[in-house]
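The lines below spell out each chain.
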Amino acid sequence: MSGREPHLPSLVTGLGLVLFGVALLLDALDEVDLSAGAVAPALLALIGAALLASGLRDRRRR
Amino acid sequence: MIAGVCGGLARHLGVDPVLVRIVVLATVVFGGFGVVAYLAAWLMVPEEGAEKPLLGGARPRQTAQVAIVIGIALAAVGLLGVWADAGLVFGGWPLVLVLFGAAVVWFVMERDRDDAGAPAGTGAAAAAAGGEGAAGDLPGGLADGATPAPERRRGSFAVTAITAGAVCVVVGIVGALDATGAVDLGWGGVAALAIVATGVALVVSSFFGGARALVPLGIVLALLLGGTAAAGVSFNSGIGERDHRVLHGDDLRGRYELGVGHLQLDLRGIELARGTTRVEADLDVGMIEIVADDGRFLDAGGTRTRRDGQASGGVDVKRTIVVGDGDRRLEIDAHVGVGVIAVGDRPGQDDDWEWSQRTLPGSGPFAGVLR
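Chains as they are written, first to last, in numbering that gives the first Met the number 0: chain W, 0 to 61; chain A, 0 to 370.
Simulated from the structure, these hints should not be mistaken for lab results. Remember, it's a predicted structure, so these values are computed and weren't measured experimentally. Each residue gets a CB set at the ideal place from its N, CA and C atoms; glycine is no exception. Watch out, some of these pointers could steer you wrong.
If you want the footprint, here are the derived chain W segments under chain A, 3+ residues with CB under 8 angstroms [said to hold, decoys possible]:
hint	segment
1	5-17
2	25-34
3	44-56
Cβ-Cβ distance ranges computed for the label pairs, FRET-style [as the list claims (entries may be wrong)]:
hint	chain 1	residue 1	chain 2	residue 2	range
4	A	Val17	W	Glu4	29 to 37 angstroms
5	A	Lys317	W	Arg59	46 to 54 angstroms
6	W	Glu4	A	Asp332	49 to 57 angstroms
7	W	Ala37	A	Asp242	50 to 58 angstroms
8	A	Gly180	W	Arg61	29 to 37 angstroms
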């Protein structure tokens, strides 16, 4: 493992995808009932977090 | 043209590129093997003028050997009939995914191992350092050692490729287990696990420089699979047209289902059993059509009208349709992920559909029997 700080966009997007995937898995197993109204904001939040992380990383590099 | 594989192959064989494209297209349509072969050629055959292929160019002899092994394995899968009924996507896709992912991981690791042994300052050594620019932008162009290695860039091609390959292997194994019945996740569960695996792989890769190309891929995956999951689409029940004509209540099944296509339940002249019978009709994408004699629909639950009946269309459409008379009732719980639920007194034709924005009740031939 490299001694540098983690790649922020990968880390944030990865964590978001894990949470989102677990929610979809629970939906597939009929543990929860996800609707389009619940999924759409979660997806937007995921995209926003990824963009934010990418922007922060670029700012740090400058 | 996608990656120029057909044109390159035609030049190599000295034939018209159109001929090669027709052959490849035919193999894509009939069984899907052409997709795998095209991807394999794209990854393993060097571009014109380049010394290295996209993957595993350090040792072309071994690359060829592994390509042959993978080709034989895929052919064996095809001969065993795994793809026979429904083609690549709904048949042997887990095995293809595992083989493809394993090949990607193997090639990249081999390439890095070979490059690690190259003299410092060469392009190969730069690639071994994990630089995306080194590995991806300077393929074989620095073999003379005269040019200094470019500065290492984080988020390497190797990390991305290995991560993507590992995700393919994991998802393929889970898909195979699901297909054989060892686990019962369904298409939605496997898709959700694919997203989880991509997320875990991204988190792990972030400590090794990050898999930057996987970030947009993961988001696109989440958009596609999240959308289908929200619509209740499972893709577990096949493709095509299924017409069920039922004349006796005792012959009704508890559930009628289809993945993509047209699912018709024709109940004209049916003799229902006493009491209330319940059945489910589930379709992922397409149209469910319930046909019964005029006057026997007690509840059609429609929101739009057409000339010869009524229908509801959209995403995640759920309707309870009641057919019967007196103490004999049939309740059909119909669900369509993306598409239409229609009812009528005869099977519809495409040119029967005349959509309007009027809301039931109050119009159409069945309006008089709606509750």
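Cross-check of the supplied hints:
Coverage of the segment 5-17 of chain W by chain A holds in this model, with 12 residues showing a Cβ closer than 8 angstroms to a Cβ of that chain against a need of three. Here the segment 25-34 of chain W counts 5 residues with a CB under 8 angstroms from a CB of chain A, which clears the bar of 3, and the coverage holds. Counting residues of the segment 44-56 of chain W whose CB lies closer than 8 angstroms to any CB of chain A gives 4, which reaches the minimum of 3, so the coverage claim holds. Under the hint 29 to 37 angstroms, the C-beta atoms of Val17/A and Glu4/W, about 53 angstroms apart, miss the expected range.
At about 49 angstroms, the beta-carbon gap between Lys317/A and Arg59/W stays in the expected band of 46 to 54 angstroms. The hinted window of 49 to 57 angstroms between Glu4/W and Asp332/A holds, with their beta carbons roughly 53 angstroms apart. With their beta carbons about 36 angstroms apart, Ala37/W and Asp242/A fall outside the hinted range of 50 to 58 angstroms. Between Gly180/A and Arg61/W the Cβ separation comes to about 54 angstroms, which falls outside the hinted range of 29 to 37 angstroms.
Violated hints, in rising order: 4, 7, 8; the structure is consistent with all others.
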